[in-house]
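Enquirer: Using the hints, position chain C against chain S.
Protein chains in written order, with my numbering: chain S, 1 to 90; chain C, 1 to 152.
Calculated from the structure, these hints are not laboratory results. Be careful, since some hints might not be right.
To be verified - Stretches of chain S that chain C covers, calculated by requiring three or more beta carbons in the stretch to come under 8 Å of a beta carbon on chain C: (1) 50 to 57; (2) 78 to 84.
Said to hold, decoys possible - Computed footprint of chain S on chain C, listed as stretches where at least three residues anywhere in the stretch have a Cβ under 8 Å from a Cβ of chain S: (3) 24 to 32; (4) 113 to 120.
This structure is a prediction, so every number in the text was calculated from the model and none was measured. No residue lacks a Cβ here, since even glycine has one placed at the ideal position from N, Cα and C.
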Amino acid sequence: MLVIRRHPGQAIQIGEDVEVLVIDCGNGRVKLGIRAPQRVVVARGEVARTRRQNVEAAAAITRELSWADASASFLPGGLQSFEDAADKKQ
Amino acid sequence: MTFVSKYFGPIEVDESCTIEFPAGLPGFEERRRFLPLQSRRQGGLIYLQSLEQADLCFLTLPVRGLRAGYEIVVTPDDRDILGLCGEGAPLIGRDVAALAIVSLAEGAPPTANLLSPLLIHMQTRVAVQATRPDERYSCREPLVDEVQPACS
Numbered sequence: 001m002l003v004i005r006r007h008p009g010q011a012i013q014i015g016e017d018v019e020v021l022v023i024d025c026g027n028g029r030v031k032l033g034i035r036a037p038q039r040v041v042v043a044r045g046e047v048a049r050t051r052r053q054n055v056e057a058a059a060a061i062t063r064e065l066s067w068a069d070a071s072a073s074f075l076p077g078g079l080q081s082f083e084d085a086a087d088k089k090q
Numbered sequence: 001m002t003f004v005s006k007y008f009g010p011i012e013v014d015e016s017c018t019i020e021f022p023a024g025l026p027g028f029e030e031r032r033r034f035l036p037l038q039s040r041r042q043g044g045l046i047y048l049q050s051l052e053q054a055d056l057c058f059l060t061l062p063v064r065g066l067r068a069g070y071e072i073v074v075t076p077d078d079r080d081i082l083g084l085c086g087e088g089a090p091l092i093g094r095d096v097a098a099l100a101i102v103s104l105a106e107g108a109p110p111t112a113n114l115l116s117p118l119l120i121h122m123q124t125r126v127a128v129q130a131t132r133p134d135e136r137y138s139c140r141e142p143l144v145d146e147v148q149p150a151c152s
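For reference, chain S alone in the conformation it holds in the complex:
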């Protein structure tokens, strides 16, 4: 892994068209600005993990057709109903 020290206001260039600017740091946090073309997905690390997880979850449903559930229907009491059901389970 390449490790670079930068001061606020300084930038890092990645390839031709991605620029990472250090805007501010302090209190154990760093604020970054990222300039990249639209085709480049920029996401926090944990969002990137969720992206992979979503794609996997959706693919698994397609694979596991037996899960298709003919009994499924609209939530009878709307959103409140499943929150109430979750309460009862506790």
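Expert: Below, chain C alone, put in the same frame as chain S:
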């Protein structure tokens, strides 16, 4: 409107039942409208069927059924998408409904994404997949909380 789902066949969609993700979901940014369907056979399961892609469906469970003490943490961006006012964290069951996407892996127990719950505004039905800024939960949590013994 009738929508033909790959899994549920033709569904007569009641517009007041749909939920809207203005930013889509990570990996599915163009998919905005979903319909929650409750399973009568599998207790607690909620399917989220895309109304724009017949074969896109997520299996979800209410977050509070998985972890009783789960508290929501939202970033300012996600708070804006949900249109929540006030400073405090949104409360599950009062401000938002919270669902976790379940992943079925071949040869492994299913897991739930408790890092990024789906939060649905109770009144407006606007939703966001809100990734927590902390690392308290992972995106592959076992469905049963291992900290507490399963039987006592």
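Enquirer: The structure should be examined with respect to each hint, and the outcome stated for every one.
Expert: Evaluated hints:
1. 50 to 57: With 8 residues in contact (Cβ-Cβ under 8 Å with chain C), the coverage given for the segment 50 to 57 of chain S holds.
2. 78 to 84: holds (count 7)
3. 24 to 32: That given contact holds, which follows from 4 residues of the segment 24 to 32 of chain C lying within Cβ reach (below 8 Å) of chain S.
4. 113 to 120: holds (count 4)
Consistency with the previously given hints is maintained throughout, with no hint failing.
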